[in-house]
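Protein sequences, first through last, are from chains F and S. Sequential numbering from 1 applies to the first sequence in the working numbering. Sequential numbering from 1 applies to the second sequence in the working numbering.
Some hints here could point you the wrong way.
[What the hints assert, rightly or not] When the alpha-carbon atoms are kept at most 25 Å apart in a straight line, the in silico SDA-like pairs for lysine to any residue are as follows: (1) F:Lys52 x F:Pro76; (2) F:Lys100 x S:Lys15; (3) F:Lys100 x S:Pro55; (4) F:Lys69 x S:Lys57; (5) S:Lys57 x S:Gly28; (6) F:Lys3 x S:Phe45; (7) F:Lys100 x S:Thr70; (8) F:Lys100 x S:Ser73.
In short, the hints are calculated from the structure, not lab data. Just so we're clear, the structure is a prediction, and the values are computed from it rather than from any experiment.
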Amino acid sequence: DAKTTQPTSMDCAEGRAANLPCNHSTISGNEYVYWYRQIHSQGPQYIIHGLKNNETNEMASLIITEDRKSSTLILPHATLRDTAVYYCIVRLNRMDSSYKLIFGSGTRLLVRP
Amino acid sequence: GAGVSQSPSNKVTEKGKDVELRCDPISGHTALYWYRQRLGQGLEFLIYFQGNSAPDKSGLPSDRFSAERTGESVSTLTIQRTQQEDSAVYLCASSLNRQLIFNYGYTFGSGTRLTVV
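Excised from the complex, chain F in its bound form:
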């Protein structure tokens, strides 16, 4: 099963871009990269996912390197409410299509006023 490596913690200033890196060097060709975040005392929230191409939605952008061994989640204008633990996850593919997500320890992002 592919695993991910993320920094334990990061911080950024409010209004600036937050760039959260993730390494997934053992990812296989048909595995997607998912990002979730967990704000204190809440369940995780889906942010974005991608396979090969860069993706953007109303919450964030996802940049995946050409070799797919790493990716970066970009919050273009971080706000105090973006303070959370961010999880980078590679989705497992099984014959029974369970689509289980394996959460690592994530990156604790602190947005400073």
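Please arrange chain S on chain F, whose structure you already have, making use of the hints.
Chain S in isolation, oriented as in the chain F frame:
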């Protein structure tokens, strides 16, 4: 409902007692997942339901843990003879069928905080 609902939100129980945790997924979501999150740690997968059957129970930590789902809707996670190490937040998530999960991911509930004293 509009989101995934879990009850109770908090549960304190004495060691050795049985507890039942309930999850009401989003209406129409055929896939349902239970995860456990110990204090300060990441999420541990427990079990996955597709409809009322559980093709993946690989994360259940012991035979004291069981789960069922009925009517392709409500799921109950039961912990028998609770131990202090069972103290954690138990999170439930649901998703649309496995084709549409590509676009929508999971929706999590807010969890049940279980404290075994």
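Okay, the hints, checked on the actual structure:
This hinted pair checks out: Lys52 of chain F and Pro76 of chain F have alpha carbons roughly 21 Å apart, not beyond 25 Å. Between Lys100 of chain F and Lys15 of chain S the CA atoms are separated by roughly 31 Å; this puts the pair beyond 25 Å, and the hint is violated. A hinted pair counts as satisfied when its Cα atoms are at most 25 Å apart, and Lys100 of chain F with Pro55 of chain S qualifies at roughly 11 Å. As the CA atoms of Lys69 of chain F and Lys57 of chain S are separated by approximately 30 Å, the hinted pair breaks the 25 Å bound.
For a cut-off of 25 Å, the pair hint linking Lys57 of chain S to Gly28 of chain S stands: about 22 Å separates their Cα positions. Between the alpha carbons of Lys3 of chain F and Phe45 of chain S the distance comes to roughly 15 Å, so the proposed pair stays at or under 25 Å and holds. Taking the CA atoms of Lys100 of chain F and Thr70 of chain S, the gap is about 21 Å. The hint holds against a cut of 25 Å. Of the supplied pair hints, the one linking Lys100 of chain F and Ser73 of chain S holds, its CA atoms being roughly 19 Å apart against a limit of 25 Å.
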